[in-house]
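S.K.: Spelled out, the chains give:
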Amino acid sequence: MSTVIGQPVRRREDARLIVGRGQFTDDLKLPGMTYAVIVRSPYAHARIRRIDVSRALAMPGVLAVFTGKDLEGVLGPVPTAWIPPNADLKQTVHRALAVDEVRYAGDGVAMVVAEDRYTARDAAEAVEVEYEPLPAVVDAWAAVQEGAPLVHPDAPGNLALHWTAGSVDQKAFDEAEVVVRQRFVQQRLIPNPMEPRAAVAWYDPGTENLTVWMTSQNPHIHRFLLSGILGIPEHRLRVVAQDVGGGFGSKISCYPDEALVAHAARTLARPVKWVEDRSEHFMATTHGRDHVQEVELAGRKDGTIEALRVKIWANLGAYLSTAAPGVPTILFGLIVNGCYRIPQASTEVYGVFTHTTPVDAYRGAGRPEATYLIERMVDLFADAIGMDPVEVRRKNFVPPDAFPYTNAFGITYDSGNYPLALDKALERVDYGGFRARQAQARQEGRYLGIGFSTYVEMCGLGPSEVAGAVGFQGGLWENATVRVHPSGKIQVMTGASPHGQGEETTFAQIVAEQLGVAMDDIEVVHGDTDRVTMGWGTYGSRTLAVGGSAVAVACQRLIEKGRRIAAHMLEADADDVAFQQGRYQVQGVPGRSVSFQEVALQAHLAWNLPQGVEPGMEATANYNPSNFTFPFGTHVAIVEVDPDSGLVRLERYVAVDDCGTPINPLIIAGQVHGGVVQGVGQALWEGAVYNAEGQLLTGSFLEYAMPKARFFPPIETDSTVTPSPHNPLGVKGVGETGTIAATPAVVNAVMDALKPFNIRHLDMPLTPEKVWRAIHGKGERQ
Amino acid sequence: MALAEEMVKIAVTVNGKRYEDTVEPRWLLAHWLRDRLGLTGTHIGCDTSQCGVCTVVLNGRAVKSCTVLAVQADGGEVLTVEGLARDGKLHPVQEAFREAHGLQCGFCTPGAQMLAYALLEENPHPTEAEIREALDGILCRCTGYQHIVRAIELAAERKEAKA
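In the order they appear, the protein sequences are chains W and V. Just so we're aligned: 319 in numbering that gives the first Met the number 0 is position 320 of the first sequence, and the numbers increase by one with no gaps anywhere. Just so we're aligned: 111 in numbering that gives the first Met the number 0 is position 112 of the second sequence, and the numbers increase by one with no gaps anywhere.
Just chain W, same shape as in the assembly (with noise of 0.2 Å):
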């Protein structure tokens, strides 16, 4: 009987957040403390003629100027950690510093080190760096372009990578009785944590042990890999992410910067400390999304869709980061079918470099790509045909009955009930009054319109065979220890490494329920790399489907050891012996039992253990799912326009996931509405933007506009419950859903809005001033 899991537990990370008393990596102040700041270029492609920091070196207070040049030899190149094969991916070199070429606007130059923060942002504006600009190239198309500026001399057109998957026989076009054809721009994104990317280093010259306190979703990754650039064993270097403001894919990526702070920590024998600035962030941390798409559909009229060609150019900006190559092929093209049952597709992925900020995952990654590309192509194949969108999409779900289903990827998705969630969704808007509302509406010249997304995504990053197999440089297994005190107290080491989704909450509730003790008696750690034997970190939806699993597991084993014991104990034989809310019971026998912490403590205590059984009571599990999870919904935005601004206003939103067993509906609740926002964010507002000469005008909150409260309605959640079939706890993930979903419903909503004036599609945002234009220029040439 359950009775924590899938309660709205208060979080427990509240208690220290909510009176300002967490630990963000800013926060920490060492003795000795010292400052950096990292000298960036202002060009977007330059050659580096010359550096003097003779004016800086000689400023009171300043300790230490590196360049590009002085760590030749002694920091590694900054690798990517996804080699996708059969890719031809070009591993260019990426070096912590720049060295005679700058590559993007932001690409570090030098490092300032000084006693404050202060004398060190002097110091750095006075690094004086001579260049000499040259051509760049920005967007991805143009960059593939015969003659465009090459980013690296050794990637030829600038090709990154060249990815295929799936295959299409040209007849299913040829012979089709519809094909619909769109290019889409997905546009450029920048995360944006409210935390900027910190570091800080210390290094022990005694121990030559090495520290690294940092704005991680991986600490064990980053330590791994900073390992291999500093040159320091990876015995001696420990990874702190403590408290971390939010990540959304920007804190997975191995930047250039940890690694020069505790370069710099090891050669002054002091504690360094390095904080970006938002404006930084804008320019030298990864961006998101950036595709260019051009997307076939093949079908009948009857609706159904028999084939699916998709093409894309992907910018990956300057230097390959982390996952990069990873993110538009492997994360987007398996799945650009969505939910839907298509006998034929393919994709093909152009990797491009450009000299702009490196892209890698942004929340979703390259899934809500595929989700916005399909979702928009069935809404205009139901235009083509004259068909209703919502009838077009129950024609082509993958029915209940088909699960496990295998794409023509060769995914095979886990479990679902598309029609159930879209249904759930239809009755919650209601549908059909909706339809005579917006025909009310048109007649008195306003524009209302409804999009609906019924999403699948791929996620709980994943078996560690796939990950080998589609060239992710890790295993994708999660680690988790649970530690049960003499007194029974509980600790939970868990190598996922939450920054805001509250896994200190709901991995107490797996582990109050499963060995039935209370959750003040239980603490969750996470983000030490001293304090965790091992993890693979948080993204990709996978902390709870693969962190929480590997939990339950190891509490499974804490209890079959306990029953051994607790059945010495009680006399009794371990098959009579029954586990329940944390006693175990004899069998019949109703007075005799024993709680899981008593036994805890005789198993610490070891005076009279049955024969075999080890003293202690502590379990690990590393466990590695045998699929991904694929949580699935259906959202539905409700927009009104107004044509004489071209405002799009959100006037309702409704969003029904299922994400398989909630563990808790209120931090569910949570993850939906930020997802939702960011979502609607990327369909609406935002959008990162280069100038010819890659100067990104977007360069802070004031040109970048971030979703506000005043813009949004209540969010309307609701779900249905299709449990993973693979995992332990039945559980999916959710915390990219809701970006995923959102997109392409507030697309769809406004194309649907805007019919009257024949327009077909509009790339994102759909900033007022598009959208204007798109209805008075279709306006006067009607």
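The hints are all genuine.
As a list, the in silico DSSO-like pairs of lysine-lysine whose alpha-carbon atoms are at most 30 Å apart:
1. K88(V) <-> K28(W)
2. K28(W) <-> K16(V)
3. K488(W) <-> K88(V)
4. K310(W) <-> K170(W)
Some chain V residues near chain W, calculated using beta-carbon distances under 10 Å:
5. G37
6. C45
7. E94
8. L102
9. Q103
10. T108
11. I137
12. R140
DEER-style ranges, computed between Cβ atoms:
13. P485(W) <-> K16(V): 40 to 46 Å
14. Q439(W) <-> A162(V): 45 to 51 Å
15. E768(W) <-> E156(V): 40 to 46 Å
These are computed hints drawn from the structure, not numbers from a lab. By construction, the Cβ of each residue, glycine as well, lies at the ideal position given by its N, Cα and C atoms.
Given the coordinates of chain W, work out where chain V should sit on it, guided by the hints.
M.R.: Just chain V, lined up with the frame of chain W:
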């Protein structure tokens, strides 16, 4: 350090306690609170005065402490997130943020709470629209604001119940 001859004496009451210090005129209030007083609950999220993560209450008004110089606070009273709870009891705003799941990563939370505190001092019964309008002063990337709005509504109810 380099500008020691230009250092200025200030006296500021922070969370009810008077501090005297000598500061560079260019020091930001946010840096002074964090680096000199060790009050690291006030976070810094941008450098252009947009995000509001660094919001504190100065002389009764919510201000972005990255846009106020420490010298401007001279003679004034500052309330930071560390001063919200009294006598070991959480302020209703703090209780409500926890109750309504008004935070995820917690980085904008001190600023959001100080903004909520100042809003409710000025307008004890804000409508949802007024709350959303007031939240223009803060960027949150995690919550989608919905539970922050709910938390402020809840705080208003609780404050009234206690009054």
